[in-house]
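Single-letter residue listing:
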Amino acid sequence: MTILGFIRKNALRNRRRALLSVGSVAVSLFLLVTLMTLIRELTIPPEDVGASLRLVVRNKVSLAQPLPYKQLSLLDRIPGVVAVTPFTFFGGNYRDEKVTSFAQFAVDPVRFTNVFVESRSSPGQIAAWIANRTGCLVGMDTMRRYDMKVGDKLKLTGTFYPCDLELKIEGTYQGSVDDRTVFFHHKYLDELTGDPGSVGTWWIRVAAADASGDVVSAINRTFQNTSAEVRAESERSFQMSFVSMWGNIQVLIESICSVVVFTLMLVTVSTMSMAIRERFRELAILKAIGFRRREIFTFILAESFGLAALGGLIGIGGAALFWGLLDVQKLSNGFLVYFEVVPRTMARAALVAALLGVVSAIGPSLAVARTSVVEGLKTLD
Amino acid sequence: MVIPLRYHVRNVVVRWRSTVATLLGIALVVAVFVLLRSLAAGIEKSSAQTGDPRNILVVRKGSQAESSSLVTREQLQALQYLKGIALNAEGKPLISADVITLISAPRAGGTGEANLLIRGVTSRGRELRPQVHLTTGRWLEPGKREVVVAENLARRFAGLEMGGTLKAGMGRLKVVGLFNGGGSAYDSEVWMDADEARLLFEREMYSSLILRPIDDDAYRSLTNTIESDKRFALRAEREVDYYAQQTLTAVPIKILASLLGSAMSIGAVFAAMNTMYAAIGSRTREIGTLRVLGYSKMSILCGFLLEGGLLALLGGFIGVAVSYGLYQYVILRGITFGTMNFQSFSETIFQFSMPPALLLLGLAFSVVVGLIGSILPAWRASQIPVISALKSL
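Chains as they are written, first to last, in my numbering: chain A, 1 to 381; chain B, 1001 to 1393.
Only chain A is shown next, with the shape it has when bound in the complex:
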């Protein structure tokens, strides 16, 4: 029998236990990957292709405070600004949904297409959308989810605004970072609200990414000491500002992660020592016939490492497959969007599995090393 065969036979001699050990490692690593992916989802906003060229301008007070429409002409004249569009969150509910999974924004259609250049859409549909004041552009994800067709009516009940929208779907788009959003004419919203002359935010495209810092300070300076001071920032830092709002939740999930890992260690270590304790006598025989401590340690390590690795493979691979196949967006009603298990997460979980294999081997190995051959042979169970 080869050494490897010996190790394999040993690991599987108690099939039930091997299965349960692998199972518990797999479940725990599945959980670990899930939690790490959750943290990633909450803390690392996805990056759009054109994000480096885009700026977001909001009222310095807060996102809830509108900006005057008259800022547009000043923004247009700031050097480095290629295109500006108003961008106002409507916050409507679709059908009878309590929480609608897609956001809706009022924009200036012509200006909008100059700011968001990376989304793919057919030119004919864009033209039709621009031409129809009550038309809207709907992301492909939303189209698919609600089984909508171009030409359909889209009714939205306002929660932020005291008015309802009756839109007609004129076109679709895809290839943006979040293909769910609905865009419609700002003029239509103004009409319904009696034209208060305000917008939610401005979204801007700059000429070059390295000039965006200058544009940001130019914008902030322009509206300094006016009744509506602004905060301009890159799209990335705008998205990051939401992360800070999560507050302590991130820390709480992280602590849960460590408890899961700790529990996992505890249980696996105990299983391994159970497996070794059971064959103290055999190990003593091995020692008696001339195997060294180092070799016996290798046997134990290889066995526990093998079991942990197998569990890790099933748990990590299973998590990647499970979350990849599941429509998380639909299940969480749009709360989680991507929930992508990235290689980095998998690698970190694999490291935990490997560590687990090594740590579980240490205790039993020390016990074996400490026991003399005679003592070992005397052990009963």
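Because the hints were derived from the structure by calculation, they are not lab data. Treat the hints loosely; a few may be bogus.
[To be verified] Each pair of labels, with its calculated beta carbon distance range:
# : chain 1 : residue 1 : chain 2 : residue 2 : range
1 : B       : 1230      : A       : 148       : 28 to 34 Å
2 : B       : 1143      : A       : 94        : 41 to 47 Å
3 : B       : 1141      : A       : 322       : 38 to 44 Å
[As the list claims (entries may be wrong)] Derived EDC-like pairs (lysine to aspartate or glutamate); straight-line CA-CA distance at most 20 Å:
#  : chain 1 : residue 1 : chain 2 : residue 2
4  : B       : 1061      : A       : 229
5  : B       : 1061      : A       : 97
6  : A       : 155       : A       : 190
7  : A       : 155       : A       : 191
8  : B       : 1230      : A       : 164
9  : B       : 1083      : B       : 1216
10 : B       : 1092      : B       : 1215
11 : B       : 1092      : B       : 1074
12 : A       : 70        : B       : 1202
13 : B       : 1254      : A       : 41
14 : A       : 98        : B       : 1161
15 : A       : 187       : A       : 164
16 : B       : 1061      : A       : 147
17 : A       : 98        : B       : 1237
18 : B       : 1254      : A       : 254
19 : A       : 98        : B       : 1241
20 : B       : 1167      : A       : 233
21 : A       : 153       : A       : 96
22 : B       : 1144      : B       : 1202
23 : B       : 1061      : A       : 164
24 : B       : 1083      : B       : 1237
25 : B       : 1045      : B       : 1241
26 : B       : 1391      : A       : 97
27 : B       : 1167      : A       : 229
28 : A       : 168       : A       : 191
29 : A       : 330       : A       : 147
For glycine and all other residues, C-beta sits at the position ideal for the given N, C-alpha and C.
Fit chain B to the given chain A structure using the hints.
Just chain B, lined up with the frame of chain A:
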């Protein structure tokens, strides 16, 4: 049927070395489950404890939060002379209009920003909310740019301490007092004068109305009048009921608790199974002896189920004790947690809440894990043939 009770109970105690890891594993699973649930319970509790049962809250139909509601000045004018509204000591109707908005403010310790919920109130607005008590400083003066801040919030944001300044664009708001909202949603708010708020944030409209009817009959007639008038398009309900429904924020945490609870319990079941199988494997002879002594197969089965359940219950006790200890520590130290409220988009402060039912749930959870984990091993134990069991080493 007789179960060798003493034998099984003694086993859990005497052979603790082989079970301690499983015990702790179950303890940790229970602790995580109970703590997450108590987190969700804490968030729900702060909204459930908000409001005075005598008050009616009026918001725009279709709005999902007070902050996205709009009430016009005409509506206020029309509503304040309705019959059935209680009068205060000065003979004025107890009705108040609030202005609610957000200010983005830096967190204490320079870790980013979050939104603060600003509530513009009138003096009667304060009268209508007896939950709110001033603890430090003085109350704000109408017509001045002054704010009073919830104590718990003041600790979490830079510049919100007593005497500090809150920036709102060009405006500067001075913190003149701190209040305690008695564990309600007001504990996550900053209050200022309603008219000052309308000026500063250029608001023509109010956000919500709060009023107090004389009695239950007046409550019914007032809500009826307000809701049925098509011109208003307003929704009126008891303030406590309105807040009790604002629980969206707790939903994801509850989902997380269930997901973690179920996944970790599968792991715990595996661990329990492993332990029980090992226990039975090393006690084959003892089982044989018990059978010879006259215990039936059923007794053996139930005995091992009992042992597994007991083992898990011990783990459950430890888990519940750990989470309760942590809860007590957090409460005693006055530690609060904050996250984003999904309805108002502002920072909401909450504490763990651990009702006794939750502790019992944690214990029940552990017993179920233990029983499921021992079914198969216990079955196996009961099926061991007596003769070979006695022969085994």
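inquiry  = Hint compliance check: list the failing hint numbers for this structure, sorted ascending.
reply    = 3, 4, 14, 16, 26
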